[in-house]
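Colleague: As a plain string of letters, each chain reads:
Number of protein chains: 4
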Amino acid sequence: MIIVLKPGVTPAEIKHIKEQLKKKKLKAHEMPGVGRTVIAAIGDTTTVSEQWLEAIPGVEKVERIQKPYKLVSRETVKENSIFKVGKETIGGNKLCVMAGPCSVESLAGLMQVAGEVKKAGAKFLRGGAFKPRTSPYAFQGHGEGGLKWLAEAKKKTGLLIVTELMDPRDTEIVERYSDVIQIGTRNMQNFSLLKEVGKTRKPVLLKRGLAATIKEFLMSAEYIMSEGNHEVIFCERGIRTFETYTRNTLDLSAIPALKKESHLPVIVDPSHATGKRDFVAPMALAAIAAGADGLMIEVHSDPEKAWSDGEQSLKPDAFAKLMVEMRAVAKAVGRSI
Amino acid sequence: MIIVLKPGVTPAEIKHIKEQLKKKKLKAHEMPGVGRTVIAAIGDTTTVSEQWLEAIPGVEKVERIQKPYKLVSRETVKENSIFKVGKETIGGNKLCVMAGPCSVESLAGLMQVAGEVKKAGAKFLRGGAFKPRTSPYAFQGHGEGGLKWLAEAKKKTGLLIVTELMDPRDTEIVERYSDVIQIGTRNMQNFSLLKEVGKTRKPVLLKRGLAATIKEFLMSAEYIMSEGNHEVIFCERGIRTFETYTRNTLDLSAIPALKKESHLPVIVDPSHATGKRDFVAPMALAAIAAGADGLMIEVHSDPEKAWSDGEQSLKPDAFAKLMVEMRAVAKAVGRSI
Amino acid sequence: MIIVLKPGVTPAEIKHIKEQLKKKKLKAHEMPGVGRTVIAAIGDTTTVSEQWLEAIPGVEKVERIQKPYKLVSRETVKENSIFKVGKETIGGNKLCVMAGPCSVESLAGLMQVAGEVKKAGAKFLRGGAFKPRTSPYAFQGHGEGGLKWLAEAKKKTGLLIVTELMDPRDTEIVERYSDVIQIGTRNMQNFSLLKEVGKTRKPVLLKRGLAATIKEFLMSAEYIMSEGNHEVIFCERGIRTFETYTRNTLDLSAIPALKKESHLPVIVDPSHATGKRDFVAPMALAAIAAGADGLMIEVHSDPEKAWSDGEQSLKPDAFAKLMVEMRAVAKAVGRSI
Amino acid sequence: MIIVLKPGVTPAEIKHIKEQLKKKKLKAHEMPGVGRTVIAAIGDTTTVSEQWLEAIPGVEKVERIQKPYKLVSRETVKENSIFKVGKETIGGNKLCVMAGPCSVESLAGLMQVAGEVKKAGAKFLRGGAFKPRTSPYAFQGHGEGGLKWLAEAKKKTGLLIVTELMDPRDTEIVERYSDVIQIGTRNMQNFSLLKEVGKTRKPVLLKRGLAATIKEFLMSAEYIMSEGNHEVIFCERGIRTFETYTRNTLDLSAIPALKKESHLPVIVDPSHATGKRDFVAPMALAAIAAGADGLMIEVHSDPEKAWSDGEQSLKPDAFAKLMVEMRAVAKAVGRSI
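Chains as they are written, first to last, in my numbering: chain A, 1 to 337; chain B, 1 to 337; chain C, 1 to 337; chain D, 1 to 337.
Hints are not guaranteed to be accurate.
As the list claims (entries may be wrong) - Label pairs and their computed distance ranges (CB to CB):
#, chain 1, residue 1, chain 2, residue 2, range
1, B, Lys260, C, Ile173, 46 to 56 Å
2, B, Lys23, C, Lys23, 53 to 63 Å
3, A, Gly121, B, Gly8, 27 to 37 Å
Stated by the list, open to error - Every beta carbon over 12 Å from chain B, so not counted as near; a handful from chain A, in silico:
#, residue
4, Val9
5, Pro68
6, Ser81
7, Met111
8, Asp179
9, Gly184
10, Arg247
11, Lys260
12, Arg277
13, Ala306
Read the hints as simulated data drawn from the structure, not as lab findings.
Just so we're clear, the structure is a prediction, and the values are computed from it rather than from any experiment.
C-beta atoms are modelled at their ideal positions from N, C-alpha and C, and glycine is treated no differently.
Take the sequences, apply the hints, and build the full model.
Modeller: Quick look at the structure:
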């Protein structure tokens, strides 16, 4: 760590700072002549926080040199991680496509859309049985009933199931019925939930928080991995900015950023990011061109009857057409679907 | 609700839209001549979402006229809500001051700072036993042990206890040891937790999410109230913006905004908002001038030894000085402390 | 316009509001039963601002139905606009590629990079003679000397010239030397400059402001068009958000958004958006997949010697490689370069 | 400057980096053992940009130790700067209050409001003769005619005049008629205009850009000062965030931030920041409590007849009442009005 001291720092303060570093088993190396007194703290700094150092009198700011994450880091694992899920893989040359309704509404409706997305080429069925909703008066999901319908859809179509876990008390049941456990945007820093899902043995699809930085996103994956579950998939789904034309602002530069910092796969959800059906296709194609390892797309047989997110759901025929276009772009960048 | 239709909408689409509204028991009133076809949906629209309507072909956008929240609304309760906690009140003319360390680190340290903030005039002791931390490798709090130390501090000083609940499984124990239950920033939309705390009978201090709009903040309070707990206190603690000079950007205009929309009390946490010790005093005074009902301030007897947030904690003497200044500003705006 | 009145509005206030509308030659149509009193203002509302209406007692909020822009609107011109520049076109099926250094530094350097980008297939040479710099102590550009070097580069290579205008007093000289006049990010709402460039007869490349909404971006193009110059090209170049990993956040959903609202071409600048050389290629490919009509890319023969923006400039060989990849993605989405 | 090198940097790259530093007359001091190779660049780094260094192969990131601004810096001038304007001062213990209409609409209207704000205690009359408007079809100001009316109002009332300059070609005329020249939000980084106003001899009120960081705000003041005009006043007027409840988000922590970094005065404009008449008073009082040196407030005798910004203008009686409240809060923090 590099510790920049305040102008006018006293020798007593410098001595005190060095003593504090020594207690943390860090060597202090004073650097001359850069316009300020600067101390390099040498040793293992992973357990030392910038905030702690900045609280010591005389310290102006602290710059961390080593990354605060380890398990997620590209420096720890050089090659891209590839996870095996059923007969499919996530993270390899072949892109994974997860499609289905926002929420599981009825068995019949789910079976219909499952059949349709399978026919178009998706290998994963997404659908929420537990739904985080802004209003307490909105439909909150069918809970375990919804999970059972997902299981039936899997049995019939062979599609792998991706579904959201919202409450640590539901971990066991969600793990049982899902192939990939989704952690939603509003729970990206629900640390109790991250720890719980880190103890499961199912891959975790971690959605980026509305205002989460790339670094915080990496740290949340580190939480899950630090509990023993090494199969984490990042999902970029739009961040909150001043722009209200789209529901959120899809940050596709997060793809090369996460790929640079980490070995974990990165997929993109253009449906929640844009909130507009017409924008899903261009953003899905852009995600592939930018290097995404897969896509999560909302599909509903009858979007205007959807209980949530109908305005951003594709109809099955539009999804099938998009799959054709996605294959073309994937091929152009040396990937397949 | 006002439903603006797309240019070129067909008569068949208009007919279909009206049928859909009828199914929801809403009357459709077509408005002439505003450059577009516009339909007013008349009736109880609280269970109808804008998203559902926007998914129907021919609909361009939907404007809600009625508020989506009821229990929190100033239209429901005209007078300011005042909550009784022990011998203190929150929401009345007298401001409440909550002070103490970010996290409960040791019994001795807690007792010391409790004595000091009490002497300066605070009536509530804040301190975290369960700590949400960005890194899994950082100190996560002493858990129940920390709660017990808070109880001892209360016993000795008479200070009322404010402490954070992070996991629905800890609700019972946190409710037992606290006078006010805090829901943290990262959990403002942890809907499982909101429902759980809504079933308790302790006032809830709800911190604003990093990227939460005023409307979402109100909706999260509505979640708690809809479960039966009507004592919710808003806490503005800074939002995430492009500005990195301060840790977050304190949005003091949230005070008149929340006061206009709701009857619930509003307090301000300048410590987490600014992340800088020197900025706590000016922002605390500004909050009072803007109409806040109270303040939550981090105080630590030895900030550089704090295990978290030392750089933004006031020393007891600085806090005592601030209390004097706060009293002067409170008096200038017709309030007291 | 839809005017929602406050709860408790008086009959006298309603009468007054209607009189005000009448003065603006708008008919007032009162709508029953949507939970509030709502008035529809019927007639030409383009000269009436929401702000004016919201200042009248009793008015809560105003929703505009008609768009505030006309000339840029897709409703005015249904087909995509295509501009002829020299032998090239902007806005058609063929994508335009603008490449070159951030700033014009020397004649020799410019000639070298011009030859290289031409060889790789670019048809436009970009380079700044007037440079907007955050610091007054940084290199501010060679001014007219730089424009003359651009003219020499054009003479030798046939590349069309894109260069920035910063000051209305330089309009005549920049118009003389350029084929496309660039208005920079920081000047997107420099209305004096927009009016001035609206009087020229060269296409204008209008860069999106750091915090400009899609609507404001459209309005700034409207400024230029309202002065008589109908050839405006939008350039998305990243917006400012809380994320600091990249210099800005490239908002690729702006492409379908602008295409939906307007008939004007849209190009993308991935170099300024990301600020990182490694991210330029994935974002350039993503822009094409999302439907962009062209790209503006910084290329420098020796980036580490660049006087500005070296860290985001591609070397000529990397640019040539990217051109090959861009052609593949363009072909996959039915376009060409 | 501290230069952090990439993992796996080669000795040849390190040698090359050191040579580049030597060319800039900087000594390179290699630091051992902080987990990465780190080089301290020693000497005058003000003309070296982080971007230039980050473009050199092997460099990962660069941390500047010395501030990039000089003239505005609190390190250069320790004491608060106080400017004399007519018989008034800006920056001292006494707060300055600037009040008046958004735009100058008529001589009669201006004279009326001037008389009223003077009576309430304001010493400065604000009013725009040149108006930056988002739409080209909105009222653009009366230009020189408006300036002459301001001069008449000054003659009659003795109020000092604050008015906006938008175009470098109008500098001479605006300087002639004004006591303080305002640079608007959208022009904070209009560098041509900053240089021009830096050559005048009138104090400059510099409004913060919608998405300008504190550092950029300081750098824009440095632009003006570097041309010879040392009388710059910062004006915080709200930044653009995700929150749309208020027009902008007033960042009151900018007051202590600017005061810490600079010796220049800081005033606050709560009218443009909130865009809501009801929020002007609480935010004005908060600004004073936070340490502002003055306020700029929109006042209009008949807000609903205002040609711009009526919804945020106070009526004269509300302004007079606010002045009384502001005096009370100013007194509570040891200031006067």
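Colleague: Each hint: holds or not?
Modeller: Here is what the structure says about each hint:
The hinted range of 46 to 56 Å is satisfied by B/Lys260 and C/Ile173, whose Cβ atoms lie roughly 53 Å apart. In this structure, B/Lys23 and C/Lys23 break the distance hint of 53 to 63 Å, their C-beta atoms being roughly 42 Å apart. Look at A/Gly121 against B/Gly8: about 33 Å separates their beta carbons, and that is inside 27 to 37 Å. A cut-off of 12 Å between C-beta atoms confirms that A/Val9 is not in contact with chain B; the least separation is 14 Å.
With a least beta-carbon separation of about 6 Å from chain B, A/Pro68 fails to lie farther than 12 Å from that chain, contradicting its non-interface assignment. The beta carbon of A/Ser81 sits about 19 Å from the closest Cβ of chain B, which is more than 12 Å, so the claim that it is off the interface holds. The claim that A/Met111 is not at the interface with chain B holds, since no C-beta of that chain comes within 12 Å of its own (minimum 21 Å). No beta-carbon of chain B comes within 12 Å of the beta-carbon of A/Asp179; the shortest separation is about 23 Å.
Residue-level check failed: A/Gly184 sits 9 Å from the nearest beta carbon of chain B, not beyond 12 Å. For A/Arg247, the non-interface assignment is contradicted: its Cβ lies about 9 Å from the closest Cβ of chain B, within the 12 Å cut-off. Every Cβ of chain B is farther than 12 Å from the Cβ of A/Lys260; the closest lies at roughly 20 Å, confirming the non-interface assignment. Chain B draws A/Arg277 into its interface by the beta-carbon criterion, the shortest separation being 8 Å against a cut-off of 12 Å.
Separation of A/Ala306 from chain B is inadequate, the least Cβ-Cβ distance of about 6 Å not exceeding the 12 Å criterion.
In terms of the numbered hints stated before, the structure departs from hints 2, 5, 9, 10, 12 and 13, listed from lowest to highest.
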